[in-house]
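First to last, the sequence lines map onto chains A and B. Residue numbers are given in the UniProt record's numbering: position 376 of the first sequence equals residue 376, and the series is strictly consecutive. Residue numbers are given in the UniProt record's numbering: position 66 of the second sequence equals residue 66, and the series is strictly consecutive.
Source of the hints: derived by calculation from the structure; they are not laboratory data. Please read all numbers here as calculations on a predicted model, not as lab measurements. A portion of the hints provided could be inaccurate.
What follows is a list of derived Cβ distance ranges for each label pair [stated by the list, open to error]: (1) A:ARG145 - B:GLY220: 50 to 56 Å; (2) B:ARG30 - A:LYS382: 31 to 37 Å; (3) A:ARG351 - B:ARG216: 42 to 48 Å; (4) B:GLN299 - A:LYS382: 20 to 26 Å; (5) B:ALA274 - A:ALA62: 53 to 59 Å; (6) A:ARG185 - B:ARG216: 30 to 36 Å; (7) B:ARG347 - A:GLU8: 22 to 28 Å.
Covered by chain A, according to a simulated footprint, are these stretches of chain B (three or more residues, beta-carbon under 8 Å) [claimed, not checked]: (8) 56–70; (9) 207–216; (10) 219–229; (11) 238–251; (12) 297–310.
Every residue gets a Cβ at the ideal spot worked out from N, C-alpha and C, and that includes glycine.
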Amino acid sequence: MDLAETEEEREFRAGLRAWLAKTLPELPPRPSPDDWPGRRAYDLGWQRRLYDAGYAGLHWPAAAGGRGAGPARHLAFLEEAERAGAPYVGANFVGLLHAGPTIAAEGTPAQRARWLPPVLRGEEVWCQGFSEPGAGSDLASLRTRAVRDGDAYVVTGSKVWTSHAEIADWCELLVRTGPDAPRHRGLTWLAMPMDAPGVTVRPLRTLAGSAEFAEVFLDGVRVPVAYRVGAEDDGWRVTMTTLSFERGTAFAGEVVACRRTLGALARAARANGRWDDTVLRRRLGRLAAEFAALWRLTQWNVSAAERTGGVPGAGGSVFKLAYSQARQELYDAAAEVLGADALALEEEWVRERLSSLSYTIAAGTSQIQHTIVAERILGLPKGR
Amino acid sequence: MDFQPTQEQEDLRAGVRALLSRRFGREALRAAVDRAEAGGAGGVDRGLWRELGGAGFFALRLPEADGGVGLGLAEAVLVFEEAGRALLPGPLVATHLAAGRVEGAADGTAVVTAFDLGDRPAAAAGPPGRLVAHLAEADAVLGAGAGGCTEAPAALLPAARPVPSADPLTPLHRVPPPGPGPDARLRDEGALLTAALQLGSALRTVELAVRYAAQREQFGRPIGAFQAVQHLCSGMLVRAEVARTAVYAAAVCADAADRAGAAGAAGAAGFGAAVAAEIAGAKLLADRAAAANARDCLQVHGGMGFTWEADVHLHLKRAWVRAEQWRTAAAAEEALAAELLADAQERGREGASYARDGSL
Chain A
1 MDLAETEEER EFRAGLRAWL AKTLPELPPR PSPDDWPGRR AYDLGWQRRL YDAGYAGLHW
61 PAAAGGRGAG PARHLAFLEE AERAGAPYVG ANFVGLLHAG PTIAAEGTPA QRARWLPPVL
121 RGEEVWCQGF SEPGAGSDLA SLRTRAVRDG DAYVVTGSKV WTSHAEIADW CELLVRTGPD
181 APRHRGLTWL AMPMDAPGVT VRPLRTLAGS AEFAEVFLDG VRVPVAYRVG AEDDGWRVTM
241 TTLSFERGTA FAGEVVACRR TLGALARAAR ANGRWDDTVL RRRLGRLAAE FAALWRLTQW
301 NVSAAERTGG VPGAGGSVFK LAYSQARQEL YDAAAEVLGA DALALEEEWV RERLSSLSYT
361 IAAGTSQIQH TIVAERILGL PKGR
Chain B
1 MDFQPTQEQE DLRAGVRALL SRRFGREALR AAVDRAEAGG AGGVDRGLWR ELGGAGFFAL
61 RLPEADGGVG LGLAEAVLVF EEAGRALLPG PLVATHLAAG RVEGAADGTA VVTAFDLGDR
121 PAAAAGPPGR LVAHLAEADA VLGAGAGGCT EAPAALLPAA RPVPSADPLT PLHRVPPPGP
181 GPDARLRDEG ALLTAALQLG SALRTVELAV RYAAQREQFG RPIGAFQAVQ HLCSGMLVRA
241 EVARTAVYAA AVCADAADRA GAAGAAGAAG FGAAVAAEIA GAKLLADRAA AANARDCLQV
301 HGGMGFTWEA DVHLHLKRAW VRAEQWRTAA AAEEALAAEL LADAQERGRE GASYARDGSL
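Next comes chain A alone, as it looks inside the complex (with noise of 0.2 Å):
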């Protein structure tokens, strides 16, 4: 068991602290959260930036455009931009965790060279066509339909729950193509550009009162049959491999968000006084724990990964579960410490507390995750 860095990763640390601190103030102003174009070119322009210096795409393998240096590294780089304040990937979350990686790992050598480069060089966004109003958690249930008509896939549905839909230009969608196969194997996984006639966008507010996220309506959305990714009826394989994706470390770097949030948290107790509550002074104590303790999880599951080959396994499980529930105890935790102002909702804080409510619902809800871990690492009986 080791934790400490080569000589090289300290280089590497250590060059990256350096480019942050000089490039960090030279970004524009943030745009307001609910100014989706402007994020999205800020989003862009920082991947912009990243690329020119050699920054993105680190853990993607080197045959997929990425720099191949391995998880270790990438999460010297999580800390490090957390550390110094950088940008989240914000509306890259897709392309750079999710689909490229899936592609990365399944698409053809033309699908790698179509679509990953214009990913890491903030070029063109992703957004997620899974969930849909009758399948969520039971995500195999998926009704929307892709008919095959000559090259093309003919795609009639409706997808919900898809993050920055109305700024993407890719949708990683997953539809129907074997309607009496059994369920799990008549999925297959598609890149449909969101621009093809008959994709049609209605935003949805959620309970934070911004539209981070919408319905997509599919009405014979034409695909090329060159955009499926994997083999037909083989998605829901191709998909598993995006989830382990998501659960394993695309959280990594909100890990260390919380560490710093939590600080803040400490500082602004401390400043109002609430810290010489020995009870909430205790909770925070405990959070910096928990929040300690998930950032070890992520490098003993990279590690292990790192070990077997690639794929992170279901102990992203183990970690989505902890994880989603400590970021909801900080927030209601900075509610504590904050009083009548945890009100205010100028206060962008305020919104990441509403917000964190969909952590133990996005991505597999707590029960579905307790489920697969009780099943596929505890090996009980199948339940119901």
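Once you've looked at the hints, dock chain B against the given chain A.
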């Protein structure tokens, strides 16, 4: 970074597991409980103690020049995790810490206990005196005399009063308030090794719950097929895995700090704030994992779990004892809070030049 046990570490762990399953399996555990209930010895089997000593359990971290094995805390936590899994009784941590300080501790010919229970200052209100475990069986008590040294139980026993213990295999005495307790360095190491014992117990109760849930049938199928039971079990694993990484990471960081010489090796001052906070977090999370997992394991066992025959209560009671040893939750949380604030204030200054929003 390769945050996974090496082959040598796995081999060490497997060796200890094999030794314990041979010498202290379930039947030995139950026999020890029966003996203790009948008013016999409190659980320290001198023969087993010497065997553990021979296997390097106590001398693991002594330098080879002093007759030890020369390994670090990273290896020690793996070994103590196995002892926790087996519910091995006795002052394991104190004797391990006494290796090289008390004659006979390193090879297991001496049994050494410590004033490690509770954080209560000697002068605090409440029943007079302090609880100490395994006093009557011990050859020495760590960290009571002048300079944090040892005392002979013979000097303490006349004024000591035996107290019935919640854990049948951890006999307690109440003794007059001792002098200065173990130093900061010993307290940190003791907390970490106790956390490793808790971790082993937490992982073991997951196994016990899963095994029972897969066998026990109700309503015509195994109870493990019911989501309510599945989710209890997976919650247990989550707690144990979070604790596991915290314990391993704290051990690795403490070893690294020692190698870097930052803590002045075996200096009494302890490991420095960052490592001490890692250890406090590890103890806190491992205490929670052990106690909450034992409770949930008991719940999965249903009516069976509430009986003396089921082993679950032994895990719960020992978890409660260990939660009071070396560092309690209250002390750990206060230490973590202090470190959080100090670190945040430091970082606040450092990051102010390019802070994102000014607010939180």
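Each hint tested on the structure:
For the pair ARG145 (chain A) and GLY220 (chain B), the supplied restraint of 50 to 56 Å is violated, since their beta-carbon distance comes to about 38 Å. A hinted range of 31 to 37 Å for the beta carbons of ARG30 (chain B) and LYS382 (chain A) is consistent with their spacing of about 34 Å. Between ARG351 (chain A) and ARG216 (chain B) the beta carbons are some 47 Å apart, a value that agrees with the proposed interval 42 to 48 Å. At roughly 22 Å, the beta-carbon separation of GLN299 (chain B) and LYS382 (chain A) lies within the given 20 to 26 Å, and the hint holds.
Checked against the given bound of 53 to 59 Å, the beta carbons of ALA274 (chain B) and ALA62 (chain A), roughly 35 Å apart, lie outside it. Under the hint 30 to 36 Å, the C-beta atoms of ARG185 (chain A) and ARG216 (chain B), about 34 Å apart, fit the expected range. Separation of ARG347 (chain B) from GLU8 (chain A) is about 26 Å and conforms to the stated range, judged on CB atoms against 22 to 28 Å. With a cut-off of 8 Å between beta carbons, the segment 56–70 of chain B has 0 residues touching chain A; three or more are needed, and the interface restraint is violated.
Residue count for the segment 207–216 of chain B with a Cβ under 8 Å from a Cβ of chain A: 3. That meets the three needed, and the coverage hint holds. Evaluation of the coverage hint for the segment 219–229 of chain B: fulfilled, as 7 residues show C-beta separations to chain A shorter than 8 Å, against a requirement of three. Given a C-beta distance limit of less than 8 Å, the hint that chain A covers the segment 238–251 of chain B holds, as 10 residues qualify and 3 suffice. With 0 residues bearing a CB less than 8 Å from a CB of chain A, the segment 297–310 of chain B misses the requirement of three and the coverage assertion fails.
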